[in-house]
Amino acid sequence: MDNFEIAISASKNLTSNDGNGHRVVNHHPEYLNGQLYVIAFEHVDGETYHNYVYIESGKTTVCKNPALLNELVSRKSKKAGLESFISNIGGVAGIIGLIITLTIVWLVVKDPYIPIPQVLSAALTTILGFYFGSKVKK
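In terms of the working numbering, the sequence shown is residues 16 to 153.
Please keep in mind that the hints were generated in silico from the structure rather than gathered at the bench. One or more of the hints may lead you astray.
SDA-like, lysine to any residue: derived pairs with alpha carbons at most 25 Å apart [to be verified]:
{"hint": "1", "residue 1": "LYS74", "residue 2": "LEU47"}
{"hint": "2", "residue 1": "LYS79", "residue 2": "SER24"}
{"hint": "3", "residue 1": "LYS91", "residue 2": "HIS65"}
{"hint": "4", "residue 1": "LYS27", "residue 2": "THR63"}
{"hint": "5", "residue 1": "LYS125", "residue 2": "ALA138"}
{"hint": "6", "residue 1": "LYS79", "residue 2": "LEU47"}
{"hint": "7", "residue 1": "LYS27", "residue 2": "GLU86"}
{"hint": "8", "residue 1": "LYS150", "residue 2": "ILE115"}
{"hint": "9", "residue 1": "LYS79", "residue 2": "ILE23"}
{"hint": "10", "residue 1": "LYS74", "residue 2": "ASN85"}
{"hint": "11", "residue 1": "LYS91", "residue 2": "VAL53"}
{"hint": "12", "residue 1": "LYS150", "residue 2": "ILE101"}
{"hint": "13", "residue 1": "LYS27", "residue 2": "HIS43"}
{"hint": "14", "residue 1": "LYS74", "residue 2": "ASN48"}
{"hint": "15", "residue 1": "LYS79", "residue 2": "TYR64"}
{"hint": "16", "residue 1": "LYS74", "residue 2": "ASN35"}
{"hint": "17", "residue 1": "LYS79", "residue 2": "ALA25"}
{"hint": "18", "residue 1": "LYS91", "residue 2": "HIS43"}
{"hint": "19", "residue 1": "LYS74", "residue 2": "ARG90"}
{"hint": "20", "residue 1": "LYS27", "residue 2": "TYR64"}
{"hint": "21", "residue 1": "LYS91", "residue 2": "LEU29"}
{"hint": "22", "residue 1": "LYS150", "residue 2": "ILE110"}
{"hint": "23", "residue 1": "LYS79", "residue 2": "HIS58"}
{"hint": "24", "residue 1": "LYS150", "residue 2": "GLY105"}
{"hint": "25", "residue 1": "LYS74", "residue 2": "SER89"}
{"hint": "26", "residue 1": "LYS74", "residue 2": "GLY49"}
{"hint": "27", "residue 1": "LYS74", "residue 2": "SER31"}
{"hint": "28", "residue 1": "LYS79", "residue 2": "ASN41"}
{"hint": "29", "residue 1": "LYS91", "residue 2": "ASN48"}
{"hint": "30", "residue 1": "LYS91", "residue 2": "ILE104"}
{"hint": "31", "residue 1": "LYS150", "residue 2": "GLY109"}
{"hint": "32", "residue 1": "LYS150", "residue 2": "SER102"}
Derived CB-CB ranges, DEER-like [what the hints assert, rightly or not]:
{"hint": "33", "residue 1": "ASP33", "residue 2": "LEU143", "range": "54 to 64 Å"}
{"hint": "34", "residue 1": "MET16", "residue 2": "LEU117", "range": "49 to 59 Å"}
{"hint": "35", "residue 1": "TYR64", "residue 2": "PHE147", "range": "47 to 57 Å"}
{"hint": "36", "residue 1": "HIS42", "residue 2": "ASN80", "range": "14 to 24 Å"}
{"hint": "37", "residue 1": "PHE19", "residue 2": "VAL59", "range": "17 to 27 Å"}
{"hint": "38", "residue 1": "ARG90", "residue 2": "MET16", "range": "18 to 28 Å"}
{"hint": "39", "residue 1": "LEU117", "residue 2": "THR76", "range": "35 to 45 Å"}
{"hint": "40", "residue 1": "GLY144", "residue 2": "THR63", "range": "52 to 62 Å"}
Glycine included, each C-beta is placed from N, C-alpha and C at the ideal position.
Sequences and hints are given; from them, build the entire structure.
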């Protein structure tokens, strides 16, 4: 059974006896990490409705309306884990800035009376300037 038939079957299963004439009206072969099929059908009340069937790695998800499809997209498009953390702190510059900041904090907590080395202060201000400068929209 190909994905077109799987999508139509999944849409039929969701609507059970409430709809007929299920057909694929739109197909997005590269949607997130899978495929999206828009299935149109006629409801018993005479109106035409759409189901959105997302197939990824053999797993089928059916959304009855665009709001549920938006929720699916938001869940699928969120980055997770280490990749998300690195992206959120600004990549390599953010990691280096974080390491230098933590080093300065550690030095101050260890002995507040020892001056912070000039090299660390200069590196921190340079990296922070670069970091915030890259966040400004041109």
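Against the structure, the hints:
For the hint linking LYS74 to LEU47, the alpha-carbon distance of about 14 Å falls within 25 Å, and the restraint holds. Restraint check for LYS79 and SER24: the C-alpha separation of about 14 Å stays at or below 25 Å, so the hint holds. With a C-alpha separation of about 21 Å, the suggested pair LYS91 and HIS65 falls inside the 25 Å cut-off, and the hint holds. Taken as a hint, the LYS27 and THR63 pair is honoured in the structure, with Cα atoms around 14 Å apart against an allowance of 25 Å.
A hinted pair counts as satisfied when its Cα atoms are at most 25 Å apart, and LYS125 with ALA138 qualifies at roughly 20 Å. For the suggested pair LYS79 and LEU47, the alpha carbons sit about 19 Å apart, so the restraint of at most 25 Å is met. Proximity of LYS27 to GLU86 is assessed by CA-CA distance (about 22 Å); at most 25 Å being required, the pair is judged to hold. Restraint check for LYS150 and ILE115: the C-alpha separation of about 19 Å stays at or below 25 Å, so the hint holds.
A distance of roughly 13 Å separates the Cα atoms of LYS79 and ILE23; the hinted pair therefore holds under the 25 Å criterion. Distance check on the hinted pair: LYS74 and ASN85 sit about 18 Å apart at the alpha-carbon level, within 25 Å; holds. Proposed proximity of LYS91 and VAL53 is supported: the alpha carbons are some 18 Å apart, at most 25 Å. The straight-line distance between the Cα atoms of LYS150 and ILE101 is roughly 15 Å, inside the 25 Å bound, and the hint therefore holds.
Annotation: proposed proximity of LYS27 to HIS43 holds, straight-line Cα distance about 20 Å (limit 25 Å). For the hint pairing LYS74 with ASN48, the CA-to-CA distance comes to about 11 Å; that is within 25 Å, so the pair holds. Proposed proximity of LYS79 and TYR64 is supported: the alpha carbons are some 9 Å apart, at most 25 Å. Taking the CA atoms of LYS74 and ASN35, the gap is near 24 Å; set against the 25 Å cutoff, the hint holds.
About 11 Å separates the Cα atoms of LYS79 and ALA25, which keeps this hinted pair within 25 Å; it holds. Distance restraint check for LYS91 and HIS43: the Cα-Cα separation of roughly 16 Å lies within the 25 Å cut-off, and the hinted pair is therefore satisfied. Among the hinted pairs, LYS74 with ARG90 is consistent with the structure: their alpha-carbon atoms are about 15 Å apart, no more than 25 Å. Restraint check for LYS27 and TYR64: the C-alpha separation of about 12 Å stays at or below 25 Å, so the hint holds.
At most 25 Å may separate the alpha-carbon atoms for a hinted pair to count; LYS91 and LEU29 meet this at roughly 22 Å. Only pairs whose Cα atoms come within 25 Å are accepted, and LYS150 paired with ILE110 is accepted, the gap being roughly 15 Å. Our distance criterion of 25 Å between C-alpha atoms is met by LYS79 and HIS58, whose separation comes to about 13 Å. For the proposed pair LYS150 and GLY105, the alpha carbon gap of about 9 Å is at most 25 Å, so the pair holds.
Proximity of LYS74 to SER89 is assessed by CA-CA distance (about 18 Å); at most 25 Å being required, the pair is judged to hold. Between LYS74 and GLY49 the CA atoms are separated by roughly 9 Å; this keeps the pair inside 25 Å, and the hint holds. With a C-alpha separation of about 20 Å, the suggested pairing of LYS74 with SER31 holds against the 25 Å cut-off. A threshold of 25 Å between alpha carbons decides the hint, and for LYS79 with ASN41 the separation of about 15 Å falls inside it, so the pair holds.
For the given pair, LYS91 sits about 8 Å from ASN48 by alpha-carbon distance, which is consistent with the 25 Å threshold. The suggested pairing of LYS91 with ILE104 holds, with an alpha-carbon distance near 21 Å, which does not exceed 25 Å. Among the hinted pairs, LYS150 with GLY109 is consistent with the structure: their alpha-carbon atoms are about 12 Å apart, no more than 25 Å. Among the hinted pairs, LYS150 with SER102 is consistent with the structure: their alpha-carbon atoms are about 13 Å apart, no more than 25 Å.
Against the hinted window of 54 to 64 Å, the Cβ-Cβ separation of ASP33 and LEU143 comes to about 59 Å, which satisfies the hint. Take MET16 and LEU117: their Cβ atoms lie about 55 Å apart, and the range 49 to 59 Å holds. Restraint check, TYR64 to PHE147: a C-beta distance of roughly 49 Å satisfies the suggested window 47 to 57 Å. The beta-carbon spacing between HIS42 and ASN80, approximately 19 Å, falls within the hinted interval of 14 to 24 Å.
Distance hint for PHE19 and VAL59: a CB-CB separation of about 24 Å, consistent with the stated range 17 to 27 Å. A hinted range of 18 to 28 Å holds for the C-beta pair ARG90 and MET16, which are about 26 Å apart. Against the hinted window of 35 to 45 Å, the Cβ-Cβ separation of LEU117 and THR76 comes to about 42 Å, which satisfies the hint. Hint check: GLY144 to THR63, Cβ distance near 58 Å, so the stated range 52 to 62 Å holds.
Of the numbered hints listed earlier, not one is contradicted by the structure.
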